[in-house]
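Colleague: As a plain string of letters, each chain reads:
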Amino acid sequence: MITGIEIIKACSAIGAGLAMIAGLGPGIGQGFAAGKGAEAVGRQPDAAGEITRTMLLGQAVAETTGIYSLVIALILIFANPFI
Amino acid sequence: MAEGPKIYAEILGIQITTSTINMWMVMAVIIILCVVSTRNLKTVPGKMQTISELIVTTMNNMVESTMGKKNMSFAPYMLTLIVYLAFANTVGLIGMRPPTADLNMTLALSILTFILTQFFAIKSKGIGTYLKGYIEPFPFLLPMNIMGELANPISLGFRLFGNLLGGTIIMGLLYTGLTNLMKVPLVIPILAHAYFDIFSGLLQSFIFVMLSMVFIAMAMD
Chain A
84 MITGIEIIKA CSAIGAGLAM IAGLGPGIGQ GFAAGKGAEA VGRQPDAAGE
134 ITRTMLLGQA VAETTGIYSL VIALILIFAN PFI
Chain B
22 MAEGPKIYAE ILGIQITTST INMWMVMAVI IILCVVSTRN LKTVPGKMQT
72 ISELIVTTMN NMVESTMGKK NMSFAPYMLT LIVYLAFANT VGLIGMRPPT
122 ADLNMTLALS ILTFILTQFF AIKSKGIGTY LKGYIEPFPF LLPMNIMGEL
172 ANPISLGFRL FGNLLGGTII MGLLYTGLTN LMKVPLVIPI LAHAYFDIFS
222 GLLQSFIFVM LSMVFIAMAM D
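For the record, the sequence lines run as chains A and B. If you're matching positions, the first sequence starts at 84 in the working numbering and goes up one per residue. If you're matching positions, the second sequence starts at 22 in the working numbering and goes up one per residue.
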């Protein structure tokens, strides 16, 4: 019979896996931004350095929500407050 | 690697951990570099002075283009921050745990940015306009405005912490789990370190400083 601590551990593991579904968002968003960046460089090859810097800045900010979900998954696996 | 930094001692309630000791080592390296490169300054510069002048000029240009010409007094703090973060994020190359992979360190830096933002907003707008800014455009949006203000330093700290901790855990897993793969000389370890330690570390430090500059500049007008 599964009781107590084992259910908590099992559900934490499932929760950590579900949290990483949020990795979908930054993947789509950053790929879209990279496509727009490539288009802009194709239109104006002289501004390539400035466009690359702006694109990297925007992508690192867009990655934040993916990092939040990674932190929740790491907390559930390694520093679980429910156990 | 993922269990957290090892605690070595406790002085007056403050714990001395691996992150603290690594931070002291990074500080020592930066201080020695600064002292060595500002000795014997000449009008016709030697090699070390040329590099230092290049770094300072680049940073001045970045601060001027992001914050405007009248805010150049922020340039020394921003240069210190980016040099410290650049060194601190890349100590993973020599096997040490980066000090910024500890939430205490990154939240401390982002709380510094938060204090700077609020102080200069009050100083340049006056405390009346500053407090009224929270009630615009509608008074019932006050909790949302306060949460929006608090979300900035929290997201700054967590972005840096999450990226660095993720990189540290993945490098640790690569070294313990795929040991034989990491012994392939010069190809796989270089690729892994080049992405997780060098590229991610330098990019995250640049992002932190740019966002700090943008927050402070936006709060002052």
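Hints listed in this document are in silico derivations from the structure and should not be mistaken for laboratory results. Bear in mind that the values here come from a model prediction, so they are computed numbers and not experimental data. Cβ atoms here follow ideal geometry from the backbone N, Cα and C, with glycine treated the same way. Take the hints with a grain of salt, since some may be wrong.
Said to hold, decoys possible - Reference excerpt, derived from the structure (chain A facing chain B, CB under 10 Å, subset only):
no., residue
1, I85
2, I88
3, L153
4, F161
Colleague: Given L153 (chain A) was flagged as interface, is its beta-carbon under 10 Å from a beta-carbon of chain B?
Modeller: 6 Å, holds
Colleague: Holds or violated: is there a CB of chain B closer than 10 Å to the CB of I88 (chain A)?
Modeller: Hint violated; I88 (chain A) Cβ to chain B Cβ min 20 Å, cut 10 Å.
Colleague: Closer than 10 Å between Cβ atoms is the bar; does F161 (chain A) clear it against chain B? Give me holds or violated.
Modeller: The hint holds - F161 (chain A) has a Cβ within 10 Å of chain B, the shortest such distance being about 5 Å.
Colleague: How about I85 (chain A): closest beta carbon in chain B under 10 Å, or not?
Modeller: With a closest approach of 27 Å, the I85 (chain A) hint is violated.
Checked against the numbered hints given earlier, this structure breaks hints 1 and 2; the rest are met.
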